[in-house]
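The lines below spell out each chain.
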Amino acid sequence: MNSLVRARRWVGQHLILGLGLLVLAYTFVPIAIVVLMSFNDSSESRNVYKFQEFTLDHWLHPGSWASGMSESVWLSIQIALLATLVATILGTLAAFALVRHRFAGRSAANLIIFLPMASPEIVMGSSLLALFVSSGFGGQLGFWTILIAHIMFCLSFVIVTVKARLSGLDDNLEQAAMDLYATEAQTFWRVTLPLVLPGIVGAALLSFSLSFDDFIITNLNAGQSVTFPMFVWGANQRGVPMEVNVIGTAMFLISIAIVLAAEVARRRQSKALAA
Amino acid sequence: MSQAAEATTSSVRSGSRDLRLSKLTKEFATFTAVKSLDLVVPQGQFFALLGPSGCGKTTTLRMVAGLDTPTSGTIHLGDTEVTYEKPYKRPVNTVFQSYALFPHLSIADNVAFGLKRRGVKDVKQQVADMLDLVELTSQAHKKPNQLSGGQQQRVALARALINKPEVLLLDEPLGALDLKLRRGMQLELKRIQTEVGLTFVHVTHDQEEAMTMADTVAVMNQGVIEQMGAPSELYENPRTTFVANFLGQSNLIAGQIEGRDGDRVTVRVQGSLASVRGERAHSDSGEGWLGIRPEKVLIAETGQPIDAPGDVITGGYITDVSFVGVSTQYRVMMPWGQELMVFEQNTGARPMLPVGTKVDVSWRPEFAFLLDASQDAKAGIEED
Numbered sequence: 010m011n012s013l014v015r016a017r018r019w020v021g022q023h024l025i026l027g028l029g030l031l032v033l034a035y036t037f038v039p040i041a042i043v044v045l046m047s048f049n050d051s052s053e054s055r056n057v058y059k060f061q062e063f064t065l066d067h068w069l070h071p072g073s074w075a076s077g078m079s080e081s082v083w084l085s086i087q088i089a090l091l092a093t094l095v096a097t098i099l100g101t102l103a104a105f106a107l108v109r110h111r112f113a114g115r116s117a118a119n120l121i122i123f124l125p126m127a128s129p130e131i132v133m134g135s136s137l138l139a140l141f142v143s144s145g146f147g148g149q150l151g152f153w154t155i156l157i158a159h160i161m162f163c164l165s166f167v168i169v170t171v172k173a174r175l176s177g178l179d180d181n182l183e184q185a186a187m188d189l190y191a192t193e194a195q196t197f198w199r200v201t202l203p204l205v206l207p208g209i210v211g212a213a214l215l216s217f218s219l220s221f222d223d224f225i226i227t228n229l230n231a232g233q234s235v236t237f238p239m240f241v242w243g244a245n246q247r248g249v250p251m252e253v254n255v256i257g258t259a260m261f262l263i264s265i266a267i268v269l270a271a272e273v274a275r276r277r278q279s280k281a282l283a284a
Numbered sequence: 328m329s330q331a332a333e334a335t336t337s338s339v340r341s342g343s344r345d346l347r348l349s350k351l352t353k354e355f356a357t358f359t360a361v362k363s364l365d366l367v368v369p370q371g372q373f374f375a376l377l378g379p380s381g382c383g384k385t386t387t388l389r390m391v392a393g394l395d396t397p398t399s400g401t402i403h404l405g406d407t408e409v410t411y412e413k414p415y416k417r418p419v420n421t422v423f424q425s426y427a428l429f430p431h432l433s434i435a436d437n438v439a440f441g442l443k444r445r446g447v448k449d450v451k452q453q454v455a456d457m458l459d460l461v462e463l464t465s466q467a468h469k470k471p472n473q474l475s476g477g478q479q480q481r482v483a484l485a486r487a488l489i490n491k492p493e494v495l496l497l498d499e500p501l502g503a504l505d506l507k508l509r510r511g512m513q514l515e516l517k518r519i520q521t522e523v524g525l526t527f528v529h530v531t532h533d534q535e536e537a538m539t540m541a542d543t544v545a546v547m548n549q550g551v552i553e554q555m556g557a558p559s560e561l562y563e564n565p566r567t568t569f570v571a572n573f574l575g576q577s578n579l580i581a582g583q584i585e586g587r588d589g590d591r592v593t594v595r596v597q598g599s600l601a602s603v604r605g606e607r608a609h610s611d612s613g614e615g616w617l618g619i620r621p622e623k624v625l626i627a628e629t630g631q632p633i634d635a636p637g638d639v640i641t642g643g644y645i646t647d648v649s650f651v652g653v654s655t656q657y658r659v660m661m662p663w664g665q666e667l668m669v670f671e672q673n674t675g676a677r678p679m680l681p682v683g684t685k686v687d688v689s690w691r692p693e694f695a696f697l698l699d700a701s702q703d704a705k706a707g708i709e710e711d
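Residue numbers (this note's numbering), protein chains in the order written: chain A, 10 to 284; chain R, 328 to 711.
Keep in mind the hints are simulated off the structure, nothing from the lab.
All C-beta atoms in this analysis are idealised placements derived from N, C-alpha and C, irrespective of residue type, glycine included.
A hint or two may mislead.
Covered stretches of chain A, going by a simulated chain R footprint (3 or more residues, C-beta under 8 Å) [said to hold, decoys possible]:
#: 1; stretch: 176-182
#: 2; stretch: 191-197
#: 3; stretch: 200-212
Put together the whole structure using the sequences plus the hints.
Below, the structure written as structure tokens:
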């Protein structure tokens with residue numbers, strides 16, 4: 010009786026902790042596998058899903074990577090950087106227009122912004138392909154068509170993210186700046202932009218990972234070009250080379266590093282303020 | 328502080344730098360917020376624009392700041408017209424109702440913002456002096472959201488004051504503070520205004536705040552100024568039912584005006600004759616409202632003597648008593664079916680009268696005022 014009560018209390022006290030650990034395990038086990046496999050020497054066997062021997066070769070010798078992989082990674086990075094840059098600039102401008110100006114068709118524009126996010130990727134991809142082909146670019150599918158497609162879907166996410174930040178901004182702040190002798194340009198650079206910047210940076214990071222990661226739309230519009238996700242997909246037909254896990258792990262580490270850097274900067278700032 | 332004072336004295340230019348609004352009008356798509364407003368705020372005054380929300384007081388303030396463009400009319404500062412000048416080109420600064428402190432800048436940088444935009448050298452010393460004035464020196468490196476409401480309010484004030492504007496506009500600056508802090512800040516603001524000698528235009532819907540702080544109060548309603556003057560003048564001698572009800576409370580009793588006799592106007596009120604001093608009678612004939620402030624009405628149990636030279640009106644009974652500490656507020660049902668409010672100081676000379684007590688009321692005739700009966704007797708009564 011007594012031990013039953015005690016057991017029950019123990020479960021009660023540790024239930025949330027236990028559930029939390031399970032959720033974390035659920036999220037992180039696949040990533041752990043990716044990290045582990047990046048050190049797997051699979052050269053002796055085609056069974057790529059089994060850890061055979063520890064090696065640093067994949068990390069240390071990018072030259073020995075499966076043929077076409079480095080090129081695909083480089084292409085993906087180029088496209089992601091360019092798509093991020095263009096989508097962030099255009100999207101930020103669009104967000105300002107949608108939040109700050111009253112114009113005919115504004116609410117319609119607000120709604121249409123969500124379409125690329127809401128429609129299935131396969132639909133977006135095939136309709137883009139139809140568009141490119143019917144407008145005579147069917148023979149030139151490749152870098153530029155992929156870039157255009159990526160900018161298109163990144164744009165929605167940028168607009169939505171920046172808009173959220175911007176509508177949370179108190180109008181009075183800009184009026185206060187103007188009241189305090191700041192011209193329109195000074196008001197923008199000294200008050201508006203610094204306050205909206207976290208939203209813009211967030212949107213840019215989101216764009217980069219969306220673009221780097223995209224497979225469906227890219228695959229339909231890539232022509233002969235091969236991005237990294239396409240390479241992985243293709244390689245998977247024969248068995249994924251272990252080097253893919255190196256890129257996966259590196260991407261994961263970079264994201265973690267960005268989050269940590271932001272957190273450290275924030276803590277340092279609040280510490281300096283408290284002092 | 329010495330610098331601020333110095334600059335103010337050195338900025339006493341030839342000719343006055345009064346703020347003059349003439350025929351100022353602001354129309355929005357569906358309504359007119361400000362209707363042909365004429366107003367002069369003398370240099371160095373603490374001026375209050377008082378009115379209920381939606382009366383156009385904030386719109387007026389925003390036009391002076393340059394944040395709204397008038398539909399017509401002009402705004403002058405001294406001889407300079409600033410009607411269509413950009414906000415950053417006007418020697419006017421605003422303390423916003425929401426404070427509008429820049430959340431990404433430290434307190435010191437917030438205060439320095441205006442000086443830096445104008446390329447002023449030696450900002451540091453001035454910021455230090457200003458933070459000293461508002462007693463926030465120790466908070467200089469914090470961000471606005473780490474400060475309490477009262478501290479944020481003082482930052483907003485310092486950020487505007489440091490620029491030594493010719494006119495400082497205050498848009499309900501104390502509205503977000505709790506009552507006790509608000510009373511403290513009222514005195515503080517008044518002290519600072521006296522110290523720096525700038526023109527303050529204070530917008531508020533709190534009549535007590537306006538009366539406590541301002542040299543001159545303008546009562547605004549529906550886009551026009553109903554009456555303007557010193558607080559005591561407005562309170563003692565309101566010219567419209569709106570002012571009578573919005574500034575404090577009033578008993579308005581319907582009567583027939585018999586006519587003017589020298590310096591007196593006689594009114595027949597519910598069977599008895601009352602006389603009103605000439606300068607307090609704002610109507611000469613026909614129907615009128617006889618007004619008397621609740622604290623001017625004297626009350627006693629029927630038959631007991633009342634210390635007033637005027638007529639004693641008998642036949643009332645008490646319908647409601649509320650004890651508010653310094654005073655007791657009675658509602659008295661009069662024989663003609665109207666409830667009068669009577670406030671009596673709790674001097675302890677007599678116990679509180681219970682509900683149902685038959686009472687007589689009276690007042691000194693010189694405290695009464697007379698208004699035109701064409702106005703709504705309930706105008707300006709705030710719904711709680």
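Status of the hints after comparison with the structure:
{"no.": "1", "hint": "176-182", "result": "holds (count 3)"}
{"no.": "2", "hint": "191-197", "result": "holds (count 3)"}
{"no.": "3", "hint": "200-212", "result": "holds (count 3)"}
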